[in-house]
Amino acid sequence: MKIAVCIKQVPTREWQPRLNETKTWIREQEASYEMNEPDAYALEEGLRLREKHGGEVVVCSAGPARVQQVIREALARGADRALHVEDEALGAADASTAATALMAPMKEEGFDLILTGLQSDDQGHAQFGPVLAEKLGVPHSTIIMEVQFEPGQAGAIKVKRELEGGWFQYVTMPTPALLTIQSGINQLRYATLKGIMAAKKKEIRKVAPPPGLVPRLKVVALYAPQKSKQTVMIGGPAAQAAQELVRRLREEARAL
Amino acid sequence: MILVIAEQKDGRLNRASWEAVAAAQQLSGGQMPIKVAVLGSGVAGVAGELAQAAVAEVLAVDAGALGIYTPDAFVQAAAALIREQAPQYVLLAHTYQTRDFVPTLATRIDRALVTDVIAIRTAEGQAAFARPMFQGKLVADVVPQGPAPHLVTVQIGAFRADAVQKGQAPIVTVAGSVDAAAIRQRPEAPFQEAKQAVDLSQAERIVAVGRGIKSQENVAVAEQLAQAFGAELAASRPICDNGWLPMERQIGSSGQTVAPKLYVAVGISGAIQHLVGMKGSRTIVAINKDAEAPIFEIADYGIVADLFEVAPALIAELKK
Amino acid sequence: MERETLDVDVLIVGGGPAGLSAALRLAQLQQAKGGDALSIAVVEKAREAGAHQLSGALLDPSALAELIPDFKAKGAPLACEVSRDSVYYLTPRRQLRLPITPPPFRNHGNYIISLSQFAKWLAGQVEAEGIDLFWGFAAQAVLFDGQRVIGVRTGDRGVGKDGQPRGMFEPGADIRARVTIFADGVRGHLTKELMRVLQLGDHSEPAQFAIGLKELWDIPRDRLAPGTVVHTLGYPLRQEEFGGSWLYAMPDGRVSIGFVVGLDYQDPLLDPYSAFQRFKQHPFIAGLLSGGQVVRYGAKALPEGGWNTQPSLFMDGGLIVGDAANFVNSMRLKGIHLAMRSGMLAAETAFDAVRAGDTSARALSAYKARVDSSAIKTELFPVRDVHQAFSGGLYAGSVFAGLAMMTGGRLPGGVTGHAGHTRLKTLGHYYGMKKRDILTGSNAVTPDRSLTFDKLTSVHYSGTHHEEDQPVHLLVHTEVCHTICGDEYGHPCVRFCPANVYEMVDNGQGGRRLQINASNCVHCKTCDIMDPYGVITWVAPEGGEGPQYDGM
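In order, the protein sequence lines correspond to chains U, Z and A.
Residues in the first sequence are numbered consecutively from 133, following our numbering.
Residues in the second sequence are numbered consecutively from 10, following our numbering.
Residues in the third sequence are numbered consecutively from 497, following our numbering.
Chain U on its own, in the form it takes in the complex:
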């Protein structure tokens, strides 16, 4: 089975945002980066499927040169080779732009299964997977908890999809297909010394993005969340305060 795993490089959880001059984007060069967490689970799922069914895992990423960090990491964990659509402007790309950038070279590869995280920890559009599926003309399913592959079947892929409120659902579909993976569905392996050394020798195919990429979304302002809250302090004896709080929660906040 030929598996693609789309990964994104995102600022670390511990990163403190700093804005650019125009306050429309972050200072990308000052951030520290890591692999988007749900993508790491997608990669692990891809590696497990390969170990079970054979084939290869190709990591695919769109972004500036710095993205090599997470591509290398994926190769060190066991991916076979990589596809990197490289361009400085892709650092701030929205989901649709990133998918458009990856479309042609991924189509060319002819993957049986494409995995990616359910959303990114930076922009968090939760769009990339389904958008790419549509561009590649393959079916998809999102927020996947479990992947089963039965080669030769019409519905070769059977997935457990998470619904809201503790509900789940099994869905089958033919390959090729695209799945967006939920964080925490497996346990991530560690990169080994040998894995890191082997990664250096693995192929990273670099491709330029197609000309005329136009962003679909324009950020006109970026800012820290505004505090609009005015704290209402409730005093008085306990019974009175309790009554007042419950009244306000019911009538004002409608939280009960």
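These aren't lab readings, by the way, just hints derived from the structure by calculation.
As the structure is a computational prediction, the values presented were derived from the model and not from experiment.
In this text, a Cβ means the ideal position worked out from N, Cα and C, and glycines have one as well.
It is possible that part of the hints are untrue.
Residues of chain Z clear of chain A, computed beta-carbon distances all greater than 10 Å [said to hold, decoys possible]:
no.: 1; residue: S50
no.: 2; residue: Q94
no.: 3; residue: Q177
no.: 4; residue: D188
no.: 5; residue: S224
no.: 6; residue: N251
no.: 7; residue: M256
no.: 8; residue: S263
no.: 9; residue: V285
no.: 10; residue: P303
no.: 11; residue: I307
Which chain A residues stay away from chain Z? Per the calculated CB distances, all over 10 Å, these [to be verified]:
no.: 12; residue: L592
no.: 13; residue: A624
no.: 14; residue: Q643
no.: 15; residue: R828
no.: 16; residue: F877
no.: 17; residue: A915
no.: 18; residue: R945
no.: 19; residue: V955
no.: 20; residue: D965
no.: 21; residue: V972
no.: 22; residue: I980
no.: 23; residue: G1004
List of simulated lysine-lysine pairs, DSSO-like, C-alpha gap at most 30 Å [said to hold, decoys possible]:
no.: 24; chain 1: Z; residue 1: K329; chain 2: U; residue 2: K361
no.: 25; chain 1: U; residue 1: K292; chain 2: Z; residue 2: K270
no.: 26; chain 1: A; residue 1: K529; chain 2: U; residue 2: K326
no.: 27; chain 1: U; residue 1: K361; chain 2: U; residue 2: K333
no.: 28; chain 1: A; residue 1: K568; chain 2: U; residue 2: K338
no.: 29; chain 1: U; residue 1: K338; chain 2: U; residue 2: K184
Please arrange chains Z and A on chain U, whose structure you already have, making use of the hints.
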């Protein structure tokens, strides 16, 4: 015209759809007519419910193939509907189902999609949609590019369902345009699983306790309070470090991140490590003996008191 | 599960300026001299280059210019050149500028840098040479063959709190090398093991340390010209304490501000972190920072003892470089260039030894000879007794420092230091029999959350992260804590730790017990140094964890 696509399951309306209607009314500002569509099989009842809003029309998009949700069927039907109705904007609630089919829909009709919107503003003379980025560390005002319609999904809880202006709208039934043969996903019946771990992120209400509750016996009091609120019990780190509550109930940077409708923080001082895990909550109540505690800075309501002082009164009041 | 092994010619432990300079020098020698390629590996506990690097920092570019002559063309991240420096003496309300800047504080020709960014860049240079850099691998123990160092074992990954495998367990790897270069930094936990096992410190004076606390701030851009360097002495420290501050202005309103406190203070209730917060409240400093915002926080111990505290630098199969060897000029508050140079000299020695097929202590002693005839000695030897003299208090030290500069260090009789923590006095000695609240610092500050912060908030700004479910990486014989320490020293760990790792909590029986919040740790090593009973041992947590010192 603004088209709202409501969500239903088995003939029951998803309440979050009202929030999308509220967002549409705000976006319209009385300037653009609003239509609400609901997709499914046998959705007359839901359409009737939606018709109680002050909108121009409710479209009941009916097709057998829309009876059980699949992204392929919904994308087809919604794409056909949008072509026919030619709206300026398409609004939906940012539910799991929306996340599953709307990005595909936007791609199929080649239009921009803004997801997880928390506020609507005006920038450079056009509508800009505020949405969280970088895990809530920042908010971006986003203007969708390219020709209309622009698709917008609104974060659950960001717009108030009770702000919807009521009215009486006509219902129009539309035959859903779905080629059943083109549906590639085969879904099975949804099922519920016994909870393996507490998923606090799904809780509507949370009562969280911190070091200020002082002794382990008070955890039981907090538990009763949580029950009275219909809330899950959670904690800040010191409580879990002490083993008074299991790690899986920890909120904060080394625990879970939550954004419930109601968050009651009892005896929690408000260390930044805790705040990053819960400051997205819609209504925050802080109960703390220390009037200077930072938790009061982000709270909507504050009571300066110990848990054991107010808990009995609160429990009694909530039972009324 | 099988343990991974790797055999290399030269292993470098630590990816700071010393280790990375050693690696790069080896690659250069390889290129210059040809022949069979040496295999070289670097292991570093941080998840990526620079993540654990913290310094002021002012860079004396002398070693860099030798290692990478075209460093500017290669894009070395130097924030700006020092344009003006000044030294102030602070009283509680006022600042007195010293009429002339004393020579050690003159920084003409030096650069303000972020050590974290610099190390990241240097790592890029090393990687471009094809050297294997293993980030996120914590060297946990030295591998010995008798008295010979044969490499290191890295820490197990995926071990739970209970010591049992959790999830994807990965046992530590054995990396064996013909020469191991220890660049594990200030109070390196492997160097500490070497010193104990091989008695490398027998002929040197006890090491001296200080704790450096640092914050990065963004302030209004027009307030300080980039390149402005300010040092202060005095307030809030007293004459009995050694230390002072720095403030370096970089472009775009970014300011590095920090405070150093000698880890040889006497007051058991002193809190170095509070001293830093109090320093920021001084009108002179508060005025500079007002309207600004803190963006990063961190802390790290620094070697202060100088030349006479260097351990034996070589052994069978091993060399010690950089901060691990205490190569810091505490007079000038500079050590990056010495770290780099010592790494380069160690690399030259290791290269020759591997090529000659003799990596015995005798062969590797050439490193010590190289150090002795290098600029390291030229710089450190004349000021070898300065820090020890400061233990007599600020003024005595200043006078002594001046004399040392003038006389080139030729003073009658060496001044011998004592390990700093032995100077910490008991409550009884320091405060007499007076009853005191032993859990509040003598210099406690109530944080205002805009200029001053509590430790826990600052920990957040360090970006530190550790899996909670792993064995505690601070080994403490806790019986001492709840039995005698309270009465004797009033639990100084809760104060000298700058990251709220140590906490005395109610034990439910009317007493207190020590709680170790290991995941707050910023890897500064202060506890390992300053604990008066010597019962705290810092070992590395799981590789890849710890602070995230972006821009520090």
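Worksheet item: When the hints from earlier in the document are held up against this structure, which numbers fail?
Response: 5, 6, 7, 8, 9, 10, 18, 19, 20, 23 and 27
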